[in-house]
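Number of protein chains: 2
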Amino acid sequence: MNNITSYVSKNKERFLSELLELLKIPSISADSAYKNDVLLTAEFVSESLKKAGCDNVEICKTEGYPIVYADKIIDSNLPTVLVYGHYDVQPPDPLNLWNSPPFEPVIKNTDLHPEGAIFARGACDDKGQFYMHVKAIEFLISTNQLPCNVKFMIEGEEEVGSTSLAGFVKNNHEKLANDVILISDTGMIAKDVPSITTGLRGLSYVEVEITGPNRDLHSGLYGGAVANPINVLTKMIASLHDENNHITIPGFYDKVEELSLEERAEMAKAPFSLEAYKKALDIDVVYGEEGYTTNERNSIRPTLDVNGIWGGYIGEGAKTVIASKAYAKISMRLVPDQDWLEITNLFKTHFESIAPKGVKVKVTPHHGGQAYVTPINSIGYQAASKAYEDTFGKTPIPQRSGGSIPIVALFEKELKSKTILMGFGLDSDAIHSPNEHFGLFNYYKGIETIPLFYKYFTELKMK
Amino acid sequence: MNNITSYVSKNKERFLSELLELLKIPSISADSAYKNDVLLTAEFVSESLKKAGCDNVEICKTEGYPIVYADKIIDSNLPTVLVYGHYDVQPPDPLNLWNSPPFEPVIKNTDLHPEGAIFARGACDDKGQFYMHVKAIEFLISTNQLPCNVKFMIEGEEEVGSTSLAGFVKNNHEKLANDVILISDTGMIAKDVPSITTGLRGLSYVEVEITGPNRDLHSGLYGGAVANPINVLTKMIASLHDENNHITIPGFYDKVEELSLEERAEMAKAPFSLEAYKKALDIDVVYGEEGYTTNERNSIRPTLDVNGIWGGYIGEGAKTVIASKAYAKISMRLVPDQDWLEITNLFKTHFESIAPKGVKVKVTPHHGGQAYVTPINSIGYQAASKAYEDTFGKTPIPQRSGGSIPIVALFEKELKSKTILMGFGLDSDAIHSPNEHFGLFNYYKGIETIPLFYKYFTELKMK
Numbered sequence: 001m002n003n004i005t006s007y008v009s010k011n012k013e014r015f016l017s018e019l020l021e022l023l024k025i026p027s028i029s030a031d032s033a034y035k036n037d038v039l040l041t042a043e044f045v046s047e048s049l050k051k052a053g054c055d056n057v058e059i060c061k062t063e064g065y066p067i068v069y070a071d072k073i074i075d076s077n078l079p080t081v082l083v084y085g086h087y088d089v090q091p092p093d094p095l096n097l098w099n100s101p102p103f104e105p106v107i108k109n110t111d112l113h114p115e116g117a118i119f120a121r122g123a124c125d126d127k128g129q130f131y132m133h134v135k136a137i138e139f140l141i142s143t144n145q146l147p148c149n150v151k152f153m154i155e156g157e158e159e160v161g162s163t164s165l166a167g168f169v170k171n172n173h174e175k176l177a178n179d180v181i182l183i184s185d186t187g188m189i190a191k192d193v194p195s196i197t198t199g200l201r202g203l204s205y206v207e208v209e210i211t212g213p214n215r216d217l218h219s220g221l222y223g224g225a226v227a228n229p230i231n232v233l234t235k236m237i238a239s240l241h242d243e244n245n246h247i248t249i250p251g252f253y254d255k256v257e258e259l260s261l262e263e264r265a266e267m268a269k270a271p272f273s274l275e276a277y278k279k280a281l282d283i284d285v286v287y288g289e290e291g292y293t294t295n296e297r298n299s300i301r302p303t304l305d306v307n308g309i310w311g312g313y314i315g316e317g318a319k320t321v322i323a324s325k326a327y328a329k330i331s332m333r334l335v336p337d338q339d340w341l342e343i344t345n346l347f348k349t350h351f352e353s354i355a356p357k358g359v360k361v362k363v364t365p366h367h368g369g370q371a372y373v374t375p376i377n378s379i380g381y382q383a384a385s386k387a388y389e390d391t392f393g394k395t396p397i398p399q400r401s402g403g404s405i406p407i408v409a410l411f412e413k414e415l416k417s418k419t420i421l422m423g424f425g426l427d428s429d430a431i432h433s434p435n436e437h438f439g440l441f442n443y444y445k446g447i448e449t450i451p452l453f454y455k456y457f458t459e460l461k462m463k
Numbered sequence: 001m002n003n004i005t006s007y008v009s010k011n012k013e014r015f016l017s018e019l020l021e022l023l024k025i026p027s028i029s030a031d032s033a034y035k036n037d038v039l040l041t042a043e044f045v046s047e048s049l050k051k052a053g054c055d056n057v058e059i060c061k062t063e064g065y066p067i068v069y070a071d072k073i074i075d076s077n078l079p080t081v082l083v084y085g086h087y088d089v090q091p092p093d094p095l096n097l098w099n100s101p102p103f104e105p106v107i108k109n110t111d112l113h114p115e116g117a118i119f120a121r122g123a124c125d126d127k128g129q130f131y132m133h134v135k136a137i138e139f140l141i142s143t144n145q146l147p148c149n150v151k152f153m154i155e156g157e158e159e160v161g162s163t164s165l166a167g168f169v170k171n172n173h174e175k176l177a178n179d180v181i182l183i184s185d186t187g188m189i190a191k192d193v194p195s196i197t198t199g200l201r202g203l204s205y206v207e208v209e210i211t212g213p214n215r216d217l218h219s220g221l222y223g224g225a226v227a228n229p230i231n232v233l234t235k236m237i238a239s240l241h242d243e244n245n246h247i248t249i250p251g252f253y254d255k256v257e258e259l260s261l262e263e264r265a266e267m268a269k270a271p272f273s274l275e276a277y278k279k280a281l282d283i284d285v286v287y288g289e290e291g292y293t294t295n296e297r298n299s300i301r302p303t304l305d306v307n308g309i310w311g312g313y314i315g316e317g318a319k320t321v322i323a324s325k326a327y328a329k330i331s332m333r334l335v336p337d338q339d340w341l342e343i344t345n346l347f348k349t350h351f352e353s354i355a356p357k358g359v360k361v362k363v364t365p366h367h368g369g370q371a372y373v374t375p376i377n378s379i380g381y382q383a384a385s386k387a388y389e390d391t392f393g394k395t396p397i398p399q400r401s402g403g404s405i406p407i408v409a410l411f412e413k414e415l416k417s418k419t420i421l422m423g424f425g426l427d428s429d430a431i432h433s434p435n436e437h438f439g440l441f442n443y444y445k446g447i448e449t450i451p452l453f454y455k456y457f458t459e460l461k462m463k
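Those protein sequence lines, which keep their order, are chains A and B.
First residue of the first sequence: 1, per UniProt numbering; consecutive thereafter.
First residue of the second sequence: 1, per UniProt numbering; consecutive thereafter.
These are calculated hints, taken from the structure and not from any lab test.
All the given hints hold, so there is nothing to weed out.
Straight-line alpha carbon distances no greater than 30 angstroms define the calculated DSSO-like cross-link-like pairs of lysine-lysine that follow:
{"#": "1", "chain 1": "A", "residue 1": "Lys278", "chain 2": "B", "residue 2": "Lys235"}
{"#": "2", "chain 1": "A", "residue 1": "Lys357", "chain 2": "B", "residue 2": "Lys279"}
{"#": "3", "chain 1": "B", "residue 1": "Lys360", "chain 2": "A", "residue 2": "Lys235"}
The structure presented is a predicted model; accordingly, all values stated were derived computationally and were not measured.
Could you build all of it, start to finish, from the sequences and the hints given here?
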């Protein structure tokens, strides 16, 4: 593949300024107050694909936020790669912890990124990463080096469960037909240690509501005499883990894939410093399921975490009240071969069963998805591996991620093709957190590596 | 005492409209955003005392909100009654549960109040109740029937722990010298069952903060591998009660006054319907400390309740985050002879001791006060009893309240005088809750009853 590095360095400034414009739009899909911004972002994405030289660019309406489609079909005899990404972002709160406004991107140098990193919500997850693909196709089309057919599907509901995507994929098998799916929405082990994500955890996200008395009560007049929904909620949540941090929901572990000691030993070879990990988070000890290492706990083991809790008086000062209701958002990360719908039902049944008399319980499922694993002997994996070797000079390490991209399992089911996760982010990018950022090194490296995937995938496929 | 009923009925409309004006000012002491409103309310109170005919009306500056003082000294040989009340109110949230805006008072008829009730924050607690005293003195002065000396001390920080009052009382022993203290900030058993509160619970109110990782984390990448501050907080709070709902803080019960079976039998005679109680709250069972009745649980037993809890993402939709911090506001109701400072320290020590490794704990005491009991053989109690007999035609029942008026214990310590709690509110008034209200019947009855207390107290004292 000729002069890709020179093309990137020649266009560095423009590639960056275009991404900064994209990052300025607060496309927060979880909060309906930002509806117009999310829609504006879809417009921006379709425009950028047109400018890159794609055909059939289309903003496809859905029940929720639109899906942007585009393609470049050069020869029906050549393989087709479907690129997936998402243009929506996580809510930025807590805002007070950001050193610069989340939607006013700035370039700052850090110890890890002396050449600079882009600080903004969505910089890495996933605006920065899907935009690498837009710039990669621009290079391939403008230099007449596109080796295969490429399709783009960029959605706006990934951070809220890709609600509309399932229907879209089900109804567009032909339009989305492909030989492999390529996604950059994950990370590498380190800046100089490329890796390919071969596994993703599934997810079940629920919201619970506990109702006690029919109104808020004076804690002096009623304290001690009626069930306090907040106290009850804490007892119920606390009971979901035993003293070894195993999850106590009956049947929760029944279908969990147990890895062999060999596989676990293989995983353990990935470079990892527990001291650095603790130092980065400013914690004195790690905490988790007995019998597993930190890297196992956040990749091959299922978990249950409260993502939010609220009830009663949470303002300034003191209010002596017993709240009528208490709430929590709870998510479970799942592994092969747990079924997210089955786990959601197990949770609901169990949580309702442990409620004491005197309160009412409501469990509302939010969204979820299945776990996923890619075999490392597939053509797609091999092509990705060779692409990284060319640009990083190192063979990438296969790794399981703790995160979830629920739609990956859906793609395999509906489109019958495997997904390759070529991520260029880093754990330290603080995605979903204040001060999310994405290294300029990673951004440009991604743009250089992606075209090579197309090249090697086409070669291996046409053999 | 002559023509008090006729005076009240002649001035009904004015007595009401004046109170409604007072209720329109949002004097929320817990929220600094309402500072000016709280100060305006102090002005309003001092003006109303002047109009009522009081002398030496003064808005006394403090570190916090001012204390309004006024008096009417007619003869130094006559006994002196000190009236205490508070012009600040609880925060009104949750606002969406109010049927009419909390600071736009309206009169509505209810089954219990066919002649109407005033719906507004502070209607009963305590604006409506202290204003009865302002109207009572107006009657006594304007008709030349004041039988004794009267002093007023109306503060603006009762709902946030009366922070400045202690210092004010300590520094003004002479100014506040009195033979008995009279407070209307409690309730009666029922509209037709007058009662006098002989006991109050003490209070210790604290705020706790749990800190885990130094930033919010992605629950996929870190879930299961680090201590989640919210999960940890729920475990810690859950452990504060055992399976019998006894509080597990070591030493918590050491100084609790155990009532004799005779005393408990006496208490049990107060009219009470558990069915009606459950129906009013829309709960199927009551819940509390093993071995005690509902009325004992909320009066003679100490309790621990979470008044507020928050952490993580509590907005619309879903966010897969592990919060860096989680918080709770926790209050303990205390009984004789627990010392609130000692209990606060016991809580702090215990709560810090049960924190698992991997998190940091901060316990911040908010405020508190001692429990209190009034002997029913005192002159003050007898005078109040006779006053109720005249206006209700029934002997009032002595009862212990679950609420706290921390300064009552302080008054006895500093001013060496007992406090009589002549409350005219009802449990159903929903104080500290949405739709707080105060019956017009109760308001006018209070204005008629208070002057009789002055009369009988003076007679008994001068015997």
